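Student: Sequence:
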Amino acid sequence: MQGVGGAAMFATTFALINASYTGRDRGVAYGVFGAVSGGASALGPVVGGLLTQGISWRWIFFVNVPISIVTIALTLAVVPAVTRRVGRRIDLAGIATFTVAAGALTFALIRSSTDGWSSPLVLGLFAVTVLGAAGFITAEARTHQPLIELSLFGEPRFAATVLAALVLSFSAFGVLIYTTVWVQTLLGLSPIEAGLVSLPLPVLVAFISPFSGRFMHLLPRSLAIGGGVTLIGLGGLISAWLVTPQAGWVALIPGLALMGIGCALSVPTLSRTATEAVGDARSGMAAGAINTARQLGQAIGIALLGSLAAAQASTVLRSGAAPDPTTTSTALLGGQAQSVLAAAPTDQRPRLDQLLHAAFASSLDLAFMVTGIAAVVAGVLVAVMLRTPARDAASSTDAPEAAAADAIRLGAGRR
Numbered sequence: 001m002q003g004v005g006g007a008a009m010f011a012t013t014f015a016l017i018n019a020s021y022t023g024r025d026r027g028v029a030y031g032v033f034g035a036v037s038g039g040a041s042a043l044g045p046v047v048g049g050l051l052t053q054g055i056s057w058r059w060i061f062f063v064n065v066p067i068s069i070v071t072i073a074l075t076l077a078v079v080p081a082v083t084r085r086v087g088r089r090i091d092l093a094g095i096a097t098f099t100v101a102a103g104a105l106t107f108a109l110i111r112s113s114t115d116g117w118s119s120p121l122v123l124g125l126f127a128v129t130v131l132g133a134a135g136f137i138t139a140e141a142r143t144h145q146p147l148i149e150l151s152l153f154g155e156p157r158f159a160a161t162v163l164a165a166l167v168l169s170f171s172a173f174g175v176l177i178y179t180t181v182w183v184q185t186l187l188g189l190s191p192i193e194a195g196l197v198s199l200p201l202p203v204l205v206a207f208i209s210p211f212s213g214r215f216m217h218l219l220p221r222s223l224a225i226g227g228g229v230t231l232i233g234l235g236g237l238i239s240a241w242l243v244t245p246q247a248g249w250v251a252l253i254p255g256l257a258l259m260g261i262g263c264a265l266s267v268p269t270l271s272r273t274a275t276e277a278v279g280d281a282r283s284g285m286a287a288g289a290i291n292t293a294r295q296l297g298q299a300i301g302i303a304l305l306g307s308l309a310a311a312q313a314s315t316v317l318r319s320g321a322a323p324d325p326t327t328t329s330t331a332l333l334g335g336q337a338q339s340v341l342a343a344a345p346t347d348q349r350p351r352l353d354q355l356l357h358a359a360f361a362s363s364l365d366l367a368f369m370v371t372g373i374a375a376v377v378a379g380v381l382v383a384v385m386l387r388t389p390a391r392d393a394a395s396s397t398d399a400p401e402a403a404a405a406d407a408i409r410l411g412a413g414r415r
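Quick note: our numbering has the sequence shown finishing at residue 415, numbered continuously throughout.
Hints may contain errors.
Restraint ranges, calculated between C-beta atoms of paired labels, are given here [unchecked claim]:
| id | residue 1 | residue 2 | range |
| --- | --- | --- | --- |
| 1 | 77 | 342 | 53 to 63 Å |
| 2 | 153 | 342 | 49 to 59 Å |
| 3 | 77 | 327 | 52 to 62 Å |
Simulated from the structure, these hints should not be mistaken for laboratory data.
As the structure is a prediction and not an experimental result, all values here were calculated from the model.
Even for Gly, the Cβ is constructed at its ideal location relative to N, Cα and C.
Please take these sequences and the hints and turn them into a complete structure.
Tutor: If you want it as C-alpha cells, here you go:
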C-alpha cells in the first residue's frame, strides 16, 4: 500500500510542478523538491535511530500517520483540481511484466550471495528476468496507452536522465545500509550515532539543492548532471581508499560529503531535464520513469553490493582460517558480528575480532569501488549524451492537462 501511494505521489509531483510554475520559479520548485527528496533518503536513518532507540521500532511506521494527515490537508488546500480524462486504461500487461522482471532480477542478486551465481535458482531467476523484460517491451510496443512510450528512449537527453537516475541511486544510496551496519556492529555506535554519521550527505543535499534549482539555467545540463554523478563516483572512490580495518567512522565523512554535493547538483536538474526532453504533455510519464529508475537503482544496489560484499568477506575470512566463512560472512553483513564473537572460544575472540574488522572493511572497500567506478563512467557518458542535439519534444498532440493523468497511470505500475 505504501508503494502504490508513493508511486502515485512521486510521478504526479513533476506534472504538478510544471503546471504550477514557470521560468526561474520552476527551477526553484525543482530545487526544493530535490532538497527534500534527496535529503529524506539519507535522513531516514537518523530519524529511525531516534524513534527506535528512544521509543519503539513500531514508531517508524506510526510516524507516517500524522505526516500523511498534514500532507492530505495541504494537498486539499493548495493543489488545484485536475479534470480526469475519461477513457484512460491501466496498462496491466506492462505492470505485470515489469514487476516480474524487476522482482526476479533483485531476488536473483540477493540469493546469489548464498546460493552462488551458477545455482539453478539464480540462473532460473535471471531467465525469468529476461523473459519479463521481453514481455514488457512487447506489451509496451503493442498497447495504445503504455506505461511508457519506448520511443522516448530515442531522445538522448531523456535516456541520459534515466541512466543518471539509476546510477545515482545505485551509487549514492545502495551502500548506505552496509555502512550503517559497519559503524554499529563493528565500531560500537548507537542507532542515533550511526544515523548522525550519514548526515553530511542529506545536509549538503538540503542546503545546496535549492540554489542548484534556482541557478540551473546558468550551468550546462551536461555539466550539472554528468558532473554531479561523477562527483558521487569520486566520493565512492575516496571512501574505498579511506575505509580500512583500523579506520573509524570519520573515514566515511569526506566521501559522503562529496556524494551529497553530487546529488544536490544533479537531482533538481535531472528532474527538469527529463520533463523538458519529452515535453509537458509527457511530463508525468517522464516523472514516473525517473522515479522508477531511482527506486530500481537503489534496490539493485542493495542486492548486488550485498552479494559482492558477502563474497569478499567470505574470501577474507577463509584466508584467515575462520570457521565456516560463508555463514560467518552472511552473519557479519547482517549485523551479527557480536553474536559471532560471543559464540567463539574466549581465547580466539581477539584474533577473530581483528579478522571480522578486516573482512567488513574489505567488503566496504569493494562496494565503494564498484559504485565509484560505475558513477564516474556513467557521469562521463551522461555528459556526452546530454550534449547531443535534442529532438522536437513538442510534437505530441496530447493536451498538457493529460500529464497528471499519465503520471498517476505510470506511477501505479512503478512498484
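Student: Are the hints correct? Go through all of them and say.
Tutor: Going through the hints against the structure:
1. The supplied range of 53 to 63 Å is met by residue 77 and residue 342, whose beta-carbon atoms lie about 55 Å from each other.
2. The supplied range of 49 to 59 Å is met by residue 153 and residue 342, whose beta-carbon atoms lie about 52 Å from each other.
3. Checked against the hint of 52 to 62 Å, the pair residue 77 and residue 327 passes, with Cβ atoms roughly 55 Å apart.
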